[in-house]
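Spelled out, the chains give:
Number of protein chains: 2
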Amino acid sequence: MRDVNQFTVTEAVKSSFDTEDGSRFQFLLETFIEHLHDYVREVNLTHDEWMRMLNFLYDCGQISTPERHEYILLSDVLGLSALVDMINTRGGATEGSNLGPFYLDDAPVKELGADLAEGREGVSVLVEGVIRDTLGNPLPGATIDTWQADSSGTYPIQEQEQGQDKYDLRAKITADEQGRYYYTTVLPKPYTVPYDGPVGELLRAGNRHAWRAAHLHYIVRHPGMRSITTEVFFENAEYLDNDAVFGVRKSLIAKLEPVKKASAIDLPLERRPDAKVHFDFTLAPEG
Amino acid sequence: MRDVNQFTVTEAVKSSFDTEDGSRFQFLLETFIEHLHDYVREVNLTHDEWMRMLNFLYDCGQISTPERHEYILLSDVLGLSALVDMINTRGGATEGSNLGPFYLDDAPVKELGADLAEGREGVSVLVEGVIRDTLGNPLPGATIDTWQADSSGTYPIQEQEQGQDKYDLRAKITADEQGRYYYTTVLPKPYTVPYDGPVGELLRAGNRHAWRAAHLHYIVRHPGMRSITTEVFFENAEYLDNDAVFGVRKSLIAKLEPVKKASAIDLPLERRPDAKVHFDFTLAPEG
Numbered sequence: 001m002r003d004v005n006q007f008t009v010t011e012a013v014k015s016s017f018d019t020e021d022g023s024r025f026q027f028l029l030e031t032f033i034e035h036l037h038d039y040v041r042e043v044n045l046t047h048d049e050w051m052r053m054l055n056f057l058y059d060c061g062q063i064s065t066p067e068r069h070e071y072i073l074l075s076d077v078l079g080l081s082a083l084v085d086m087i088n089t090r091g092g093a094t095e096g097s098n099l100g101p102f103y104l105d106d107a108p109v110k111e112l113g114a115d116l117a118e119g120r121e122g123v124s125v126l127v128e129g130v131i132r133d134t135l136g137n138p139l140p141g142a143t144i145d146t147w148q149a150d151s152s153g154t155y156p157i158q159e160q161e162q163g164q165d166k167y168d169l170r171a172k173i174t175a176d177e178q179g180r181y182y183y184t185t186v187l188p189k190p191y192t193v194p195y196d197g198p199v200g201e202l203l204r205a206g207n208r209h210a211w212r213a214a215h216l217h218y219i220v221r222h223p224g225m226r227s228i229t230t231e232v233f234f235e236n237a238e239y240l241d242n243d244a245v246f247g248v249r250k251s252l253i254a255k256l257e258p259v260k261k262a263s264a265i266d267l268p269l270e271r272r273p274d275a276k277v278h279f280d281f282t283l284a285p286e287g
Numbered sequence: 288m289r290d291v292n293q294f295t296v297t298e299a300v301k302s303s304f305d306t307e308d309g310s311r312f313q314f315l316l317e318t319f320i321e322h323l324h325d326y327v328r329e330v331n332l333t334h335d336e337w338m339r340m341l342n343f344l345y346d347c348g349q350i351s352t353p354e355r356h357e358y359i360l361l362s363d364v365l366g367l368s369a370l371v372d373m374i375n376t377r378g379g380a381t382e383g384s385n386l387g388p389f390y391l392d393d394a395p396v397k398e399l400g401a402d403l404a405e406g407r408e409g410v411s412v413l414v415e416g417v418i419r420d421t422l423g424n425p426l427p428g429a430t431i432d433t434w435q436a437d438s439s440g441t442y443p444i445q446e447q448e449q450g451q452d453k454y455d456l457r458a459k460i461t462a463d464e465q466g467r468y469y470y471t472t473v474l475p476k477p478y479t480v481p482y483d484g485p486v487g488e489l490l491r492a493g494n495r496h497a498w499r500a501a502h503l504h505y506i507v508r509h510p511g512m513r514s515i516t517t518e519v520f521f522e523n524a525e526y527l528d529n530d531a532v533f534g535v536r537k538s539l540i541a542k543l544e545p546v547k548k549a550s551a552i553d554l555p556l557e558r559r560p561d562a563k564v565h566f567d568f569t570l571a572p573e574g
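Chains as they are written, first to last, in our numbering: chain A, 1 to 287; chain B, 288 to 574.
Next comes chain A alone, as it looks inside the complex (with noise of 0.2 Å):
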């Protein structure tokens, strides 16, 4: 390896790692290394350039905690989330998009037409829609499990020094013997990423801003069908057409109806909305 120089150092670095034949270990590394070399031949990186790139891996280490992970809002925030989330998709299947840093996997389980703004304020919700798979055959016992921001635009997770419920704004609901689901809560309202840190320097080093468009969270399961997990957002939306993490896709974006006559409705809920989204789920089978 004595003899290497910036043309032959990359094959000497990928051939140092010893790993199984073919293994795809050896292939996520090999690969990934090939584009660093690439990279820093490509621009002809300095010094000075290459500690900077370092240091702000440093610097997003120093502001991440149990809580927040710096280097998912990186991805997020390059588009590299919403990538892989696309790559991912299976055809047929709805879209996927951005988990977040949000999720709690021990939602509370609660009842088809039940209300999850408990008392909150904001405009009323019914969503509505029908889980099916990809031959359009209903799936009754498919479960969503859903959480989102509330009407100023914060999750309740967020606010739990000011006394709010983790749970809140959040439920398991499996679908009936149509395979409906349905439940009403309160509109959410965009909100900004985190933008103290280092990822929040790059986007102002960027002149962009920090806002997602408002959505609704939901991974949608049914058992030996592929999990899906994504967003649901509101036609004529701020942000919809530059959300800061790239989450939007035109088939995740809901009509946001009024509800003029209650009687209209015919689900059995536990609460009148004002207005009404109405989106159908499709799962792929999995494997």
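A few of these clues could be false.
[Stated by the list, open to error] Calculated pairs, DSSO-like style, for lysine-lysine (alpha carbon to alpha carbon, straight line, at most 27 Å):
hint	chain 1	residue 1	chain 2	residue 2
1	B	Lys397	B	Lys453
2	B	Lys476	B	Lys537
3	B	Lys537	A	Lys14
4	B	Lys301	A	Lys250
5	A	Lys250	A	Lys172
6	A	Lys189	A	Lys260
[Claimed, not checked] Across the chosen pairs, the derived CB separations fall in these ranges:
hint	chain 1	residue 1	chain 2	residue 2	range
7	B	Gly309	A	Thr192	28 to 36 Å
8	B	Leu391	A	Arg204	30 to 38 Å
9	A	Thr192	B	Gly493	34 to 42 Å
10	B	Thr318	A	Asp241	19 to 27 Å
11	B	Tyr454	A	Asp196	34 to 42 Å
12	A	Asp18	B	Leu391	31 to 39 Å
[Unchecked claim] Just some of the chain A residues that point at chain B, by a computed CB distance under 7 Å:
hint	residue
13	Arg2
14	Val13
15	Val43
16	Lys250
Just so you know, the hints here were simulated from the structure itself, not pulled from any lab data. Everything numeric in this text was worked out from a predicted model, so none of it was measured. The beta-carbon is built from N, C-alpha and C at its ideal position, and this holds for glycine as well.
Please arrange chain B on chain A, whose structure you already have, making use of the hints.
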């Protein structure tokens, strides 16, 4: 941006950054985004793999301190630091090599002929040579800034708690009117880079060792010339062909010769050496 897909998202992310036209920052950022996205598409990265990579970066942050920069270590073992050194070496000048984590910018100034060993065990070695420009003219007044491990492979700065002085085995020495530098020290031994963190896990996963070939560190400076940061290695030493951070270059390997007769050395030295090493440095003009 609601129409993005896995092929158009890269352009969308690039154009979301709005910086000065043709700026270096924009170029570095756009090229980085291209490589990151190409990587994800090329390997078809899964959500699990994506999360493991981000958690690896998170873990590097958790073990990093002002004294330990796990991202520099990562850059080192991926040959990135070596590549940056290589592309920033000027034609005709001494090749660059790793700065490493142990540099202090306020090493003690010492006289030509000084002994840096200060009673330490090990082989006493004379290190000498000439500092020239790329035309072969000696550079009187050039300085070497050197630091090194001891004969057990440890830097005194690593053993401050055991009573060692962090400024030991370091010196700034000015060359004489012929551009010559010379001093005695103790022959350094190989050592391992820190492998008790995430980077160590990566090395183990790739069946790699953490050993560095024994070396002397240098920064060589002269007004009007481009400083070089490099390392000098020893012929026939261990790990020259599999140095953990890819720091060895053929041109940086010096011959270690026994000193049989003290009278054969025509230099005013503080201590009689057992062996000698000759290495000349060449600096290119600034700019």
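Checklist entry - Has the given pair, Lys250(A) with Lys172(A), been kept, meaning a C-alpha gap of at most 27 Å? => result holds (26 Å)
Next on the checklist: Please check whether Val43(A) passes as an interface residue: C-beta within 7 Å of a C-beta belonging to chain B.
Outcome noted: holds (5 Å)
Checklist entry - Between Lys537(B) and Lys14(A), does the CA-CA distance stay at or below 27 Å? => result Holds, because 20 Å separates the two Cα atoms, which is no more than 27 Å.
Checklist entry - Has the given pair, Lys301(B) with Lys250(A), been kept, meaning a C-alpha gap of at most 27 Å? => result holds (20 Å)
Checklist entry - Taking 34 to 42 Å as the hint, is the beta-carbon distance of Thr192(A) and Gly493(B) inside that range? => result At 40 Å between Cβs, range holds.
Item to check | Whether the CB-CB distance between Leu391(B) and Arg204(A) falls inside 30 to 38 Å | outcome: About 34 Å separates the Cβ atoms of Leu391(B) and Arg204(A), which means 30 to 38 Å holds.
Checklist entry - Can the hint on Val13(A) be confirmed by a CB-to-CB distance to chain B that is less than 7 Å? => result Status holds, d = 4 Å.
Next on the checklist: Given Lys250(A) as an interface hint, is its Cβ closer than 7 Å to any Cβ of chain B?
Outcome noted: The hint holds - Lys250(A) has a Cβ within 7 Å of chain B, the shortest such distance being about 5 Å.
Checklist entry - Is the gap between the beta carbons of Tyr454(B) and Asp196(A) within 34 to 42 Å? => result holds (39 Å)
Next on the checklist: Check whether the Cα positions of Lys397(B) and Lys453(B) lie no farther apart than 27 Å.
Outcome noted: holds (16 Å)
Next on the checklist: Check whether the Cα positions of Lys189(A) and Lys260(A) lie no farther apart than 27 Å.
Outcome noted: holds (22 Å)
Next on the checklist: Can you confirm whether the C-alpha distance between Lys476(B) and Lys537(B) stays at or below 27 Å?
Outcome noted: Distance ~19 Å between Lys476(B) and Lys537(B) Cα, so the pair holds.
Violated hints: none; the structure is consistent with every hint.
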